[in-house]
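Model the full assembly from the supplied sequences, consistent with the hints where possible.
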Amino acid sequence: MKWADYCISKLSFVTNQKKILEVQIHPDNGDTIGSGSIRDRSWLIQQSNKGKTFCCIQRTIKGKWNKICDFRFENGAFKCNATLPQVLTRRKSFISYYHKDDEGYRDAFENLTDDLIVNKSVHDNDIDCDSKDEYIKQLIQKEYLKDTTVLIVLISNKTKCRKHIDWEISGALNYKVGDSYAGILGLILPNHPDYGTSKGTYDLMPARLADNFKSGYAIIRDWTNDTEKIQSYIELAFNNRTAKSEKRTNSRPQMQRNTCE
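Per my numbering, the very first residue in the sequence shown carries number 59; after that it's consecutive.
Treat each hint with caution, since some may be false.
[Claimed, not checked] Here are the computed distance ranges between Cβ atoms for each label pair:
#1 Asp98 with Ala140: 11 to 21 Å
#2 Glu161 with Gln314: 18 to 28 Å
#3 Asn232 with Glu161: 20 to 30 Å
#4 Leu79 with Arg130: 15 to 25 Å
Rather than coming from a laboratory, the hints here were simulated on the basis of the structure. From the three backbone atoms N, C-alpha and C, an ideal C-beta is built for every residue, glycine too.
Spelled out as structure tokens, the structure:
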């Protein structure tokens, strides 16, 4: 089923105005949605005057596109009933999570952010090492953390007691990774006691993450399927790399063992 001639997945506005600056558009092929490309307001107007139709789309947790509204040009203005991600640089992001319990959320996050981030994450069997120094060394050498700019921690009940997650946070906070520290974003999963409470309990998250949340360097938010919100969280963490670099803390000794199964 074809929704429109073109589908829009991202849009940006002129600073301090409601006037559209750029959009990311995809040709609607009926059975598939084509690759995205960036177009400006003039192109949108030209295509609208030619009778081309548009709609807004958003990624789902299954990785498919979903139509969320029509996008129309009426009386010299574009109208839609959706808030979409902005046309921004895709941040190089590493997803840190407990592989045994939270792989489903990792998959969902990767599907939602497929066109928002450059995914640098480790998957099962990519790296298997119990030495913290060797593990982090491999993460850097194999370019998982080498140029990562945002580390995203999926926080569930047992995230706090997994040594590899602590090592990944520590590695991302190390200046030797890339040209700066990585920003830190923690997402509280729906299976965590803090989800939906507007709280971030220090004792219920990884200690190194809690250190940086206390200092104001790390961003903690609830899990969401809203890609516009996800992008805004990632941008907050990314900007803290410079805006709050003095608040970064990585002095805690690294975990030597897992404290839960």
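Each hint tested on the structure:
1. Between Asp98 and Ala140 the beta carbons are some 20 Å apart, a value that agrees with the proposed interval 11 to 21 Å.
2. Distance hint for Glu161 and Gln314: a CB-CB separation of about 25 Å, consistent with the stated range 18 to 28 Å.
3. Taking 20 to 30 Å as the suggested C-beta distance range, the pair Asn232 and Glu161 conforms, at roughly 26 Å.
4. Checking the proposed 15 to 25 Å range against Leu79 and Arg130 shows it holds: the Cβ atoms sit about 18 Å from each other.
Of the numbered hints given earlier, the model fails none.
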